[in-house]
Amino acid sequence: MTLTKPTTDTQQTTTTDVNAEKYLVFQIGNETYGVPLLQVQEIRTYTPATRVPNAPDYVLGVINLRGNIIAVIDARTRFGLPPLPDEESTVVVVAQVNDKTFGLRLDSVSDVMDIPIEQIQPTPPIASEATQRFLNGVVQVGERVIILLNLREIFDIEALSQLAA
Amino acid sequence: MDSLMQLFYDEANEMVEGMEQVLLALESGEPDPETVNALFRYAHSFKGNSAAMGFTHLSKFTHGLESAMESLRKEQRPLTPELATLMLQAVDLIRAMLERTRTEGDVGDPACDALLQQINAALNGVEASTVGQSPSGTSPSTPTGGTSSVGTPTPSDVPPATVSDTAIGSGTPQYRIFYQPAPTLSAEHDPLQLLAELQEYGQVVACWFREQIPPVAQLKPDACYGSWELIYETAFEPAIVRALLELTAEGAEVRIEPLQSVLEQPSAASEASTPHEQPAPTTETPRVAAVNANTVGAGKSEAQSIRVSTEKIDALMNLVSEIVIAQSMLSSAQNADTDERTRAAITQMERHVRELHERVMAIRLLPVSYLFNRFPRMVRDTAAKLGKKVNFEIEGEETELDRTLLEALSDPLTHLIRNAIDHGIEPPDVRRQQGKPETGTIKLSAFQSEGRIYIEVRDDGKGIDTERVRQKAIQLGWITENDYPSEETLYDFLFQPGFSTAQQVSDLSGRGVGMDVVKRNVESLGGSISVQSKRGEGTRFLLRVPLTLAIMDGLGLTVADEHYIVPLTAVVEAFQYESLQHTALFDRHEMVNVRGEFIPLVRLREFVGLPKGERDGLIVVLEQEGQQIALLIDGIAGQQQVVLKSLEENFTRVPGFAGATILGDGRVALILDVSDLIRRAHQASERYAAIA
Chain A
1 MTLTKPTTDT
11 QQTTTTDVNA
21 EKYLVFQIGN
31 ETYGVPLLQV
41 QEIRTYTPAT
51 RVPNAPDYVL
61 GVINLRGNII
71 AVIDARTRFG
81 LPPLPDEEST
91 VVVVAQVNDK
101 TFGLRLDSVS
111 DVMDIPIEQI
121 QPTPPIASEA
131 TQRFLNGVVQ
141 VGERVIILLN
151 LREIFDIEAL
161 SQLAA
Chain B
1 MDSLMQLFYD
11 EANEMVEGME
21 QVLLALESGE
31 PDPETVNALF
41 RYAHSFKGNS
51 AAMGFTHLSK
61 FTHGLESAME
71 SLRKEQRPLT
81 PELATLMLQA
91 VDLIRAMLER
101 TRTEGDVGDP
111 ACDALLQQIN
121 AALNGVEAST
131 VGQSPSGTSP
141 STPTGGTSSV
151 GTPTPSDVPP
161 ATVSDTAIGS
171 GTPQYRIFYQ
181 PAPTLSAEHD
191 PLQLLAELQE
201 YGQVVACWFR
211 EQIPPVAQLK
221 PDACYGSWEL
231 IYETAFEPAI
241 VRALLELTAE
251 GAEVRIEPLQ
261 SVLEQPSAAS
271 EASTPHEQPA
281 PTTETPRVAA
291 VNANTVGAGK
301 SEAQSIRVST
311 EKIDALMNLV
321 SEIVIAQSML
331 SSAQNADTDE
341 RTRAAITQME
351 RHVRELHERV
361 MAIRLLPVSY
371 LFNRFPRMVR
381 DTAAKLGKKV
391 NFEIEGEETE
401 LDRTLLEALS
411 DPLTHLIRNA
421 IDHGIEPPDV
431 RRQQGKPETG
441 TIKLSAFQSE
451 GRIYIEVRDD
461 GKGIDTERVR
471 QKAIQLGWIT
481 ENDYPSEETL
491 YDFLFQPGFS
501 TAQQVSDLSG
511 RGVGMDVVKR
521 NVESLGGSIS
531 VQSKRGEGTR
541 FLLRVPLTLA
551 IMDGLGLTVA
561 DEHYIVPLTA
571 VVEAFQYESL
581 QHTALFDRHE
591 MVNVRGEFIP
601 LVRLREFVGL
611 PKGERDGLIV
621 VLEQEGQQIA
631 LLIDGIAGQQ
641 QVVLKSLEEN
651 FTRVPGFAGA
661 TILGDGRVAL
671 ILDVSDLIRR
681 AHQASERYAA
691 IA
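In the order they appear, the protein sequences are chains A and B. Take the first sequence: its letter number 107 is residue 107 in this note's numbering, and every next letter is one higher. Take the second sequence: its letter number 516 is residue 516 in this note's numbering, and every next letter is one higher.
Source of the hints: derived by calculation from the structure; they are not laboratory data. Please read all numbers here as calculations on a predicted model, not as lab measurements. Watch out, some of these pointers could steer you wrong.
A few chain A positions that, by computed beta-carbon distances, are all more than 10 angstroms from chain B [what the hints assert, rightly or not]: (1) 46; (2) 71; (3) 79; (4) 80; (5) 109; (6) 125; (7) 141; (8) 145.
Quick list of in silico lysine to aspartate or glutamate cross-link-like pairs, EDC-like style, CA-CA up to 16 angstroms [to be verified]: (9) 100(A) / 648(B); (10) 74(B) / 32(B); (11) 472(B) / 483(B); (12) 443(B) / 395(B); (13) 100(A) / 649(B); (14) 472(B) / 492(B).
Here a beta-carbon is modelled for each residue, glycine too, at the ideal position from N, C-alpha and C.
Let the sequences and hints guide you as you build the complete structure.
As structure tokens, this is what we get:
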């Protein structure tokens, strides 16, 4: 059910640069995105969440993570894309920001990659204003362009708390 | 706070509590030598520990107290009520000083000397012939002790001469020990451990730490930059002490010199101590209640224990709950094809998991004696203040309860017991006239039944005057002159806000905050309270609380395919919803008629943002703090015990919900916040009423 963090020997080393950081890479729609592996706690298969009344639509609900209640955010809905039905490959990436643990529902995860920090470039205006704040920059690794995500902005617990107040 | 400090405070609090209990036991019973010894041991260890931590004022004061106890022990003098009161005051003072050390470090209290003088005067008053042996603690101390705190001395610092007066008394030889650990520290040679070991062979009366710490750049991690100087009291030969020190600390420098020279100056000050402080004759002391704390047995064996943070236990509990869920998934995955061996393994596993679960839950539980042991002292003081005689009995103190619950029950029980003394137990002369024993009895007991804990406070006092309750209710306009409500209804009034029958407001109870607060506190723990009383015979309060705060009885409610929980304590009744019962103000604000009474209707579907249901469902009437709502739901999913989980910990507060729980199949269900639902409904109805 739970996939532990991959060990280092399975990583691709696309660069000899020492200043590289490991990123979890996945596909949403046609684009490839990445989040720092350090922020990722685990990856689980998606089990239906319990809906939280009056929460924003991108909050799918809450699930039980070993006795703790965590919220699950749907990445597609958060980026304004139509949600996809649950598949075998649907996963929840459990991450931690600001001492709070939450889950990000993704269609699938594909890889762990070393991303050379210096080569990260500011986000080009490929996204709308609204989703721009979710992005930390882009980087090209070989053939692939990877968009780096800002998990803190995606979860945005401050905004959620204000909604609840 | 580092763990050594934490350990010190934990132990210190236990010792202070121990002293208090023993004093109370001594006061009420025969002067059993073993009990006196227990008192002495507590004081002695406390003195040693605080000296080792560098709290010289505390250790000095306790030393004075110990000397006084010593004369009690050696001469088997009785503990007079006056002496007991003074000793208890000393315990209070120690407790207060201990609390101050947390923030202010080693500070003295001017009250110390005066109190010690009073205690010694009281001791001498008992038997005037022993004046010459007045313990040294009575001598007015010179307040130069400030230089002796740990860590602050400059290299030239020398123990101040005032040490001597902390060090006279017991007649055991004392030594000044200089100890410079080996320049390189190793794991086996921990200087702090050495100091701790010294405690086992004698008594460290005072301790100075002299630090010689170089600039950080030159600091070597395994070097020892500092030395200790101790005043040490032991019956062992200096050679043995030296051997002990050198054994534990190879390569260390140790100097031991006897302290006799300093000691041989009988303190002139103590001679001149107390004529004006002579105690009043005992007849003038206030009437002191005889309190029988018969649960305190000195020298009772205590279970071995370790301290574990609640966080660790909670993490363990969460994990075990997960295993329980995984186990039930495994069990339900069995089918006709499952082979015999797998089946057997699953069955066995099930049994072990269940036991594991129970045992982990039990870790959080503590015996109620942790709470109950506070009360004998309070009863004693309260009864003395009110001039009443009370025999306080405790029963079932081994009953176990969740720690957080225990703490939360402290206030309600304090209130109930005070009330029993103040309003329940009659003054001795009144009791005599009524043919009752002069000494009233208050009994505090705890027992477990059907997965719940019951705590009872029972007194044999005058009972509740139902007629006076009725008059008061009339006065408050709750009922009319012609109403004669049932006894239960009248007792219920006691728990209503604004009700207090105390004819005179004493400083102990009946100050507006009353039984309504007790009731609210108990209910907030998921418990309930009831009262029984008989005129002239007494009153009995019964508290019913869950085993742990985290677990409550819940009722599962369904709307569409969703599942919600309400606390069972809030549920009044449930019945089929018929539109006949329904009425709406301005077509919007809905009410239902329940036997002639209109209650605001809340549609759960609407509340959780679901479309209206096709069929009429069920009504569940919920009540909290005297207000009701009717909740319209699709169906009831049954009653279950649920573990309350926080939504805020990893997410945010969700309006209308008190938290969440994990169902047997691992899914999450939200728990409705009944008081919030009721508040919303009633606010709305008030708004509409204002418009109308």
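Results of checking the hints against the structure:
No beta-carbon of chain B is positioned within 10 angstroms of the beta-carbon of residue 46(A); the least distance is around 13 angstroms. At roughly 4 angstroms from the closest C-beta of chain B, the C-beta of residue 71(A) falls inside 10 angstroms, breaking its exclusion from the interface. The beta carbon of residue 79(A) sits about 21 angstroms from the closest Cβ of chain B, which is more than 10 angstroms, so the claim that it is off the interface holds. At roughly 21 angstroms from the closest C-beta of chain B, the C-beta of residue 80(A) stays outside 10 angstroms, upholding its exclusion from the interface.
Here residue 109(A) stays apart from chain B, with its beta-carbon at least about 21 angstroms from theirs, past the 10 angstroms limit. In this structure residue 125(A) is separated from chain B by more than 10 angstroms, as the shortest Cβ-Cβ distance comes to about 32 angstroms. Even its closest Cβ contact with chain B, about 32 angstroms, leaves residue 141(A) beyond 10 angstroms, as expected for a residue assigned away from the interface. Distance to chain B confirms residue 145(A) as a non-interface residue, since its nearest Cβ pair spans about 33 angstroms, more than 10 angstroms.
Between residue 100(A) and residue 648(B), the direct Cα distance comes to roughly 9 angstroms. Compliance with the 16 angstroms bound is thereby established for this hinted pair. The straight-line distance between the Cα atoms of residue 74(B) and residue 32(B) is roughly 12 angstroms, inside the 16 angstroms bound, and the hint therefore holds. A C-alpha spacing of about 12 angstroms is found between residue 472(B) and residue 483(B), which places the hinted pair at or below 16 angstroms, so the restraint holds. Among the hinted pairs, residue 443(B) with residue 395(B) is consistent with the structure: their alpha-carbon atoms are about 8 angstroms apart, no more than 16 angstroms.
As the CA atoms of residue 100(A) and residue 649(B) are separated by approximately 7 angstroms, the hinted pair is consistent with the 16 angstroms bound. About 13 angstroms separates the Cα atoms of residue 472(B) and residue 492(B), which keeps this hinted pair within 16 angstroms; it holds.
Consistency note: the structure conflicts with earlier hint 2 alone.
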